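Throw the hints in and build the complete structure from the sequences for me.
Numbering of the sequence shown is given in UniProt numbering, commencing with residue 1 and proceeding in unit increments.
Below, computed lysine-lysine pairings styled on DSS-like, alpha-carbon distance capped at 27 Å:
{"id": "1", "residue 1": "LYS56", "residue 2": "LYS32"}
{"id": "2", "residue 1": "LYS4", "residue 2": "LYS56"}
{"id": "3", "residue 1": "LYS32", "residue 2": "LYS4"}
Pair by pair, the computed Cβ-Cβ distance ranges are:
{"id": "4", "residue 1": "SER18", "residue 2": "PRO42", "range": "19 to 25 Å"}
{"id": "5", "residue 1": "ASN83", "residue 2": "LEU28", "range": "30 to 36 Å"}
{"id": "6", "residue 1": "GLY15", "residue 2": "GLU50", "range": "32 to 38 Å"}
{"id": "7", "residue 1": "ALA111", "residue 2": "SER18", "range": "16 to 22 Å"}
{"id": "8", "residue 1": "SER74", "residue 2": "MET103", "range": "19 to 25 Å"}
{"id": "9", "residue 1": "GLU91", "residue 2": "PHE35", "range": "20 to 26 Å"}
{"id": "10", "residue 1": "GLU108", "residue 2": "ARG51", "range": "26 to 32 Å"}
{"id": "11", "residue 1": "ALA111", "residue 2": "PHE35", "range": "27 to 33 Å"}
{"id": "12", "residue 1": "THR41", "residue 2": "THR102", "range": "20 to 26 Å"}
{"id": "13", "residue 1": "PHE35", "residue 2": "ILE110", "range": "24 to 30 Å"}
{"id": "14", "residue 1": "ILE10", "residue 2": "ARG87", "range": "19 to 25 Å"}
{"id": "15", "residue 1": "PRO101", "residue 2": "LEU28", "range": "14 to 20 Å"}
{"id": "16", "residue 1": "ASN83", "residue 2": "LYS34", "range": "30 to 36 Å"}
{"id": "17", "residue 1": "ASP21", "residue 2": "GLU108", "range": "24 to 30 Å"}
In case anyone wonders, no lab produced these hints; they're calculated from the structure.
It should be emphasised that the depicted structure is a prediction, and the values quoted were computed from it without experimental measurement.
Backbone N, C-alpha and C define an ideal beta-carbon position, used for all residues, glycine too.
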Amino acid sequence: MDIKPENIVIPTEGGRLSIIDFSVAIRLRSDKEKFRGIVGTPGYTAPEVERGDAYKPIQADLWSCGRTLEVLCSDCKPSFDRNFLLRVAAELMSEDADQRPTMSRVQEWIASKKVTLSAETRGFRYPSHLVAC
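And the structure:
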């Protein structure tokens with residue numbers, strides 16, 4: 001997938017975060033399946049993808065999630081402890097794809113901090129950007 005801030009949407013009235021633009025999405029037969037080829041947006045593409053190595057799409061997408069989180073946190077309001085989310089982003093952006101946490105683990109971390117994604121508490125980098133603040 002092409003995970004980046006511009007491809008994340010959340011309704012202004014609350015609701016679930018949505019990822020849009022599946023133009024480079026692929027269907028996996030197995031979570032062990034590897035692919036080759038450079039896809040995605042420069043700056044949001046995992047290192048192994050940019051190098052042209054064989055990669056596991058789920059792990060590459062987790063890296064992109066980490067990069068997206070890092071960018072979104074760059075404009076968090078000062079009152080928000082963004083260090084927590086930056087630590088999550090760093091874990092997701094591990095150079096070693098096998099060391100990246102699973103998305104369920106990330107969900108546990110975020111739930112434990114009760115991070116909110118509401119129109120009232122988020123800041124914006126651009127109108128299309130959602131920030132967990």
